[in-house]
Amino acid sequence: MSAILEVHDVRKSYRLGGISVSALSGISFNVMKGEFLTIFGPSGSGKSTLLHLLGGLDRPDAGKILIDGSDILELGDDDLAQLRLTKIGFVFQFFNLLPRLTALENVELPLVIAGLSERETQERARKMLKFVGLETREKHRPHELSGGEQQRVAIARALITNPAIILADEPTGNLDTKTGREIVQLMKSLNEEKKQTFIVVTHDPQIAQEAHRTVHLKDGLIETISENSPQARNQ
Amino acid sequence: MMRVSKILEMAAANLKQRKLRTSLTTLGVIIGITTIIGIASLGEGFRFEIKQRMQSGFELNVLIVFPGSLTAGFGEPFTRSELDNIRNISNVNLATGMKTLASAEVYKENGTRLRALTVAGVNFSEMQQMLPKRFIVAAGNFPSENDTNTIVLGFRAGTNNSIPVVDVGENVTMSASFQVNGTKFTRNETLTVAGILVEGGTAGITNFDYWAFIPSEKAAEMAGGESYQIILIQINDTQKASQTAREVENTFTNPYRVSVFVPSSFEQQVDNILNLLQIFLTAIGAISLLVAGIGIMNIMTVSVMERTREVGILKAIGAKSRTVLSMFLAEAITIGIIGGLIGIVTGYGVSYGLASMLSSFIQPQQQNTLFSAPEREPLVITPKFTLEWTIGAFIFAIIICIIFGLYPARKASKLNPVEALRYE
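As you go down the protein sequences, you meet chains Z and G in turn.
So the first sequence is numbered by the working numbering: it starts at 404 and just counts up by one.
So the second sequence is numbered by the working numbering: it starts at 3 and just counts up by one.
Next up, chain Z with everything else stripped away, as it sits in the complex:
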């Protein structure tokens, strides 16, 4: 298997009130194509910062991140946006759907931004909503949907462009345990069926071990990278 994501000695710090705070202090690992990887760690360990870098939402201060072969430090803002549009799908803790738009319109949005015809965007969005089990909810706005349903819409939106990598930032963090499990199961089945790479940030050890591998982060550094046994994954 080849690496779809390569991370070499990545560093990132923030300025907080004039003081430089190091969020990531030298991180290196690879993610294989079709892998389901979790990034696990307590809050403040730098998980979200790392995820943002992996998705090209931000650039590292130092080091190298290759997404499907292209170095994000060398890409301009527009190219980076294009990369996010075509190769990356984001799923967030707070769903981040546009409240004004219906479920269908939210799912359509990446294709609309890409400039596809209305017929095509609607057709593909309907298919995707059906795929996540929300075909009866397409006209509903986010506030008319449950948390689990909203997250399914968000996953459908992340998948609509058929991206190589799906990045999820605490996708179950705002859901009850049962719904959270359903969402994880959905992501796992997508990973198996569509062979898409999933990188999920979590602070829940139960969810962390559902992945092929888990990157353990602490204070901006990798503690270990653990392989999870198939038994543990299927629990």
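Simulated from the structure, these hints should not be mistaken for laboratory data.
Do not rely on the hints blindly, as some may be mistaken.
[Unchecked claim] If you only want the chain Z side, here are some residues facing chain G, beta carbon under 7 Å, derived:
id: 1; residue: Leu460
id: 2; residue: Asp480
id: 3; residue: Asp481
id: 4; residue: Asp482
id: 5; residue: Phe493
id: 6; residue: Asn499
id: 7; residue: Gly518
id: 8; residue: Gly550
id: 9; residue: Ser632
The structure presented is a predicted model; accordingly, all values stated were derived computationally and were not measured.
Ideal Cβ placement from N, Cα and C applies to all residues, glycine included.
Add chain G to chain Z, keeping to what the hints say.
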């Protein structure tokens, strides 16, 4: 790249979402455009009315020559040789002299005074040639060459409320005072009314409604000599009016001896003044639109702040900076388009309201002076719809919206996606 139709569709949806805010912002644009269109269409209507009046008051191919100048005062009347010099100028087709009689009064046989304020001795055939559209009789005829004891009355001198006060063929008495070699004397002449002129209507130098005309031979005989207070010149080429006026001046050795009135340059000057006035008033309208623009900037800046998270989401799922920019700009442009369209309609509406208000304010003058507007003809301003102003104002509205929408839209497009997503 995102489709333009989709960008506009989303902009419209966003604006609809915030109805009150959108309406108030649009109202600013509406007021600005209403002001501009209102003033412009009134101004164009005013200009049209003034031009109409000037054109009916003057003939563009007829120059009017007075003795003396504004600085030196009225001079001695022109002599026959001075008139002949003018006739020799190449662009001059025809020149005729008018001899006005000082303090002349015309009475009916029963003693009623006619409203003839000026009596002038003229060459009737030359006058008809000079002003073929004005010097026309409504009743009777122009006298023939040897009919010297005749008089032709201006419309209002011979009628009252369009009803004749004197009949063609009736005898009237003209009394005029003269001063020859320092001695003053008055002469009374009995003359037969040969005709009454058509109504001139509008104020102007060639409006003869309050005039009376007698044959120039008669005037010369009464005044004891041939001389002219006014020379009318018909020119061949109206484009060369100013040049011809200079040539007329050059036939006199004393530059203060003569003043030439050129209707086309007068019209030009009035036009310039009206232009200036309109520019000034439009500037006021433009300022109100500028204020509206600041309103747009204000509201959009707030809107961008409120939608920071939305911008973060859009960027996270792959929207480029210029996509975000165009989405926000589309909202500003939509406000400009809607405000502009409504403003154009209300602008023309307001101008009609204002026009009728103004028209009722401007009462016709009642003085019976030479240049006064005749009674029963109030100034009526009809607003003019002009495509140039309409399109210009519409484009201006959109440009203002783009200019003032650009800053907040840029601000939105430059948001850092990570920070924007963190925004609560």
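Here is what the structure says about each hint:
1. Leu460: Interface hint status for leucine 460 of chain Z: holds (5 Å vs cutoff 7 Å).
2. Asp480: Hint on aspartate 480 of chain Z: holds, closest Cβ of chain G at ~6 Å, below 7 Å.
3. Asp481: Holds: closest Cβ of chain G sits about 5 Å from aspartate 481 of chain Z, inside 7 Å.
4. Asp482: Interface hint status for aspartate 482 of chain Z: violated (9 Å vs cutoff 7 Å).
5. Phe493: Since chain G brings a Cβ to about 5 Å from phenylalanine 493 of chain Z, closer than 7 Å, the hint holds.
6. Asn499: holds (5 Å)
7. Gly518: holds (5 Å)
8. Gly550: violated (17 Å)
9. Ser632: Where the cut-off is 7 Å and the nearest Cβ of chain G is about 34 Å from serine 632 of chain Z, the hint is violated.
Taken one by one, the earlier hints fail for this structure at numbers 4, 8 and 9, listed in ascending order.
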